[in-house]
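Chain C is already provided as a structure; the job is to place chain X on it using the hints.
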Amino acid sequence: MHIRPEHLERHTLSVAVANEPGILARIAGLFAGRGYNIESLTVAETAEDANESRITVVTSGPAPVIEQIIAQLDRLPPVRRVVDLTAQGPHVERELALVKVRGLGDQRIEALRLAEVYRARVVDATTSSFVFEVTGGTEKIAKFLELMAQVGLVEVARTGVAAITRGHDTN
Amino acid sequence: MSSERSGADILIETLTDLGVEVVFGYPGGAVLPIYDALFRQAEQPNAIRHILVRQEGGAAHAAEGYARSTGKCGVVLVTSGPGATNAVTGIADALMDSIPMLVITGQVPTSLIGSDAFQECDTIGITRHCTKHNYLVKNPADLEATVREAFRIATEGRPGPVLIDLPKDVQVASALSRPASPARAYAPQVEPDMSLIETAVEMLAAAERPVLYTGGGIINSGPAASAALRELAALTGAPVTSTLMGLGALPASSPLWLGMLGMHGTYEANHAMNRADLILALGARFDDRVTGRLDAFAPSARKVHVDIDRSSINKIVRADVGIVGDVGLAIEAMVRLWKERGYDQPDLAPWHAQVEGWRAKRCLDFPLSPTEIMPQLAVQRLYQATAHLDPIITTEVGQHQMWAAQHFGFENPNKWLTSGGLGTMGYGLPAAIGAQIGNPDALVIDIAGEASIQMNIQELATASQYELPVKIFILNNEYMGMVRQWQDLTYQGRHSHSYSDSLPDFVKLAEAYGWTGLRIEKPDELDDGIAAMLAAKGPVIVDCRVAKLANCFPMIPSGAAHTEMILQANEVSGEMDDEARALV
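First to last, the sequence lines map onto chains C and X. When we follow this note's numbering, the leftmost residue of the first sequence carries the number 891, and every step to the right adds one. When we follow this note's numbering, the leftmost residue of the second sequence carries the number 45, and every step to the right adds one.
Some clues are possibly wrong.
[Claimed, not checked] Think about it this way: if two alpha-carbon atoms lie no more than 20 Å apart in a straight line, the pair counts; the simulated SDA-like pairs of lysine to any residue are:
#1 X:K182 / X:R222
#2 X:K359 / C:F921
#3 X:K581 / X:N483
#4 X:K182 / C:P968
#5 X:K359 / C:R924
#6 X:K359 / C:L920
[As the list claims (entries may be wrong)] Just a sample of chain X residues kept apart from chain C, beta carbon distances all over 10 Å, derived:
#7 P89
#8 G169
#9 N183
#10 Y230
#11 S239
#12 L300
#13 S355
#14 P390
[Said to hold, decoys possible] If you want a taste of the chain X side facing chain C, the calculated C-beta under 8 Å gives, among others:
#15 I168
#16 R172
#17 H177
#18 L180
#19 I197
#20 T243
#21 D353
#22 R354
#23 N358
#24 K359
No wet-lab data here; the hints were simulated from the structure. A virtual CB, placed ideally from N, CA and C, is assigned to each residue, including glycine.
In isolation and in its complexed conformation, chain C is listed as follows:
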């Protein structure tokens, strides 16, 4: 007997939740308990309403599973709204990475040059290292890390994706 693979879709969900204790564990646990994927998850209080937080989840699964994830999130009492940004259309996705690179001489110059191409800022420097701050879509960050790996990358911290719809309407 073999386990059959399925076609996966990647979706970014924006989940507005009541800001109560344990809400993150509740959301993360729902994904774990029902076997859904989390590619990234970010959470923070939002300014619009002091009692509300926004959780941005990037998940992947077959289309019916994505539909089920949204319905399962939506029925949790503290969840106020679930928006499938991927299905809804134009939206902006960004994440931030802090990238530590060690090196001397030409390697160091090359790292700085590449960072400029990617509009990464230097936020810390020593004579043998840099910390770059880079923001962008997931693909851009991935590409930047791939290049940095060749010029002395030693450590990375990433925020995961934050996302919002384009245009003047809100969710």
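Leaving out everything else, chain X in the frame of chain C:
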């Protein structure tokens, strides 16, 4: 409440105000203030009655039985640590079967939370995913609002268990009670979308081979939903089948009744589902026990799915029309619209004839034995002896549960209490106790197996203490029968640890607890034994010795389609491939 009150008093007063009449519980260190508040209110009018169980798991199942048989919310009160963890199985059971339940757990004082204190456990963490919602209350001023919100969440929308964890210092501290903030109001969708109801009614009017597939949601919606279902069936002439949880929504005596569907459902119900051109799923969730092999499930039917829980729709089976809302309101709306449109009852004669053809298979027939009591016969005779008394039947889990579902006819909702989703052995006795508390004049019978009954046998004492005349009818075949049946079907009859060795003498056990104990051993003793059980005043255990190796048929083997039913034991191959073995 204008003056400052202790958290414990606020809790009891709020529960009283919400109309709670009964609490099932067990005291302990972390709930002593609440037990003292219960003690102090005992002489007041509308006092809450406390039922002392013998283990916290019993409290949770008793609350389930109370809730399922009365339509009210079951309330559980247990202490921290082991009190909470013992209740977890019943909480998970209530979540799976959508039973309204409020669980109050004591917790160590807030200053000790997280310190591995005596009888501390992370109750909120442990129950987060087996409750509909849970709360840790850290301020007595928030308690009343939390209890009211918890009660609403437990009882509204798709019902389920809600837990409030209450540290001991919060029970002791005083506060003025604060009303709830309206921003947090829980508001599930109950009114169905009328345009979708129209579509469903038009599909129903045009269908040539419709089936109404009903579930526990109809029971949860209340007796009006069952009444509406009966009217819809009569108007449309559509045959009706039901899940395990929905039995009693349509009377078993109705000519439109197909019997239960699914793994141990009837031949006619499963074949009707397979050949239907329209399936109207009403408060049912397409459980794997119902669908059999998914890619062969109801291949030629369009599906309308009505459920109050949006996540049930399209979860397992794609619906052509998904209607979110209360199933009772949805059926009433369909009935109203059907009449407004002046539809006649469609001519379903060819469809009914086809159904009669399947019915003629007489799939529930079983071979009789002159020397042994066949378990199916025992259930049939019990049904015939008690039907006029409209009894409440609870069950444990296993073969006896399926035989009860197949051979006991239910005419009304709220009379059939069984652990469907979680399949919890040990459910039946405490559930019967809860049902008897909620229905003091009803005949309550736990149809049990000799293995299951031992899982919460300590609750015999609870029935003794409160003089509850519950009856336990044990179909004793000296096996964990359903396990043995699967070993027969799947593992060439290797009976690995499924024999019920070292059984107690159930008659003496009954007497030890102050119950009446009876034994039935031969077919010709069956009717007299049942009559003796019914004639006894108090609680009775009947140890009914049945054929040891009888298996429960008909059966859809795991991984098979509705049309691949096994009707009799001689059709069993005794082997399965790995794909089938991997299914539960």
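How the hints compare with the structure:
For the suggested pair K182 of chain X and R222 of chain X, the alpha carbons sit about 14 Å apart, so the restraint of at most 20 Å is met. For a cut-off of 20 Å, the pair hint linking K359 of chain X to F921 of chain C stands: about 15 Å separates their Cα positions. Note on K581 of chain X and N483 of chain X: the hinted pairing holds, with a Cα-Cα distance of about 16 Å set against a maximum of 20 Å. This hinted pair checks out: K182 of chain X and P968 of chain C have alpha carbons roughly 18 Å apart, not beyond 20 Å.
Among the hinted pairs, K359 of chain X with R924 of chain C is consistent with the structure: their alpha-carbon atoms are about 12 Å apart, no more than 20 Å. A distance of roughly 15 Å separates the Cα atoms of K359 of chain X and L920 of chain C; the hinted pair therefore holds under the 20 Å criterion. Non-interface call for P89 of chain X relative to chain C: holds, since the shortest CB-CB distance, roughly 33 Å, exceeds 10 Å. With a least beta-carbon separation of about 7 Å from chain C, G169 of chain X fails to lie farther than 10 Å from that chain, contradicting its non-interface assignment.
Under the 10 Å C-beta cut-off, the non-interface status given to N183 of chain X relative to chain C holds; the minimum distance is some 12 Å. Distance check for Y230 of chain X against chain C: the nearest CB is about 5 Å away, which does not clear 10 Å, and the non-interface claim fails. Every beta carbon of chain C lies more than 10 Å from that of S239 of chain X, the smallest distance being close to 21 Å; the non-interface claim holds. Its beta-carbon lying about 32 Å from the closest one in chain C, L300 of chain X satisfies the requirement of being farther than 10 Å from that chain.
Listed as outside the interface, S355 of chain X is inconsistent with that label: its C-beta sits roughly 4 Å from the nearest C-beta of chain C, within the 10 Å cut-off. Consistency note on P390 of chain X: stated as away from chain C, and its beta-carbon is indeed over 10 Å from all of that chain's, at 33 Å minimum. Because the smallest distance between the Cβ of I168 of chain X and any Cβ of chain C comes to about 6 Å, under 8 Å, the interface hint for this residue holds. A distance limit of 8 Å between C-beta atoms decides the matter here; for R172 of chain X the minimum to chain C is near 6 Å, and the interface restraint holds.
About 5 Å separates the beta-carbon of H177 of chain X from the nearest beta-carbon of chain C, less than 8 Å, and the hint is met. For L180 of chain X, the shortest C-beta to C-beta distance to chain C is roughly 7 Å, which falls under 8 Å, so the interface hint holds. For I197 of chain X, the interface hint holds, since its Cβ comes within 8 Å of a Cβ in chain C; the closest pair sits about 6 Å apart. With a cut of 8 Å, the hint placing T243 of chain X at the interface with chain C is violated, because the nearest CB-to-CB distance is about 20 Å.
With its C-beta approaching chain C no nearer than about 6 Å, D353 of chain X sits inside the 8 Å limit, and its interface hint holds. Here the hint on R354 of chain X is kept, as its CB sits about 5 Å from the closest CB of chain C, short of 8 Å. The interface hint given for N358 of chain X holds, since its Cβ lies 6 Å from the closest Cβ of chain C, which is under the 8 Å cut-off. With a least beta-carbon distance of about 6 Å to chain C, the hint placing K359 of chain X at the interface is held under the 8 Å criterion.
Checked against the numbered hints above, the structure breaks hints 8, 10, 13 and 20 and satisfies the rest.
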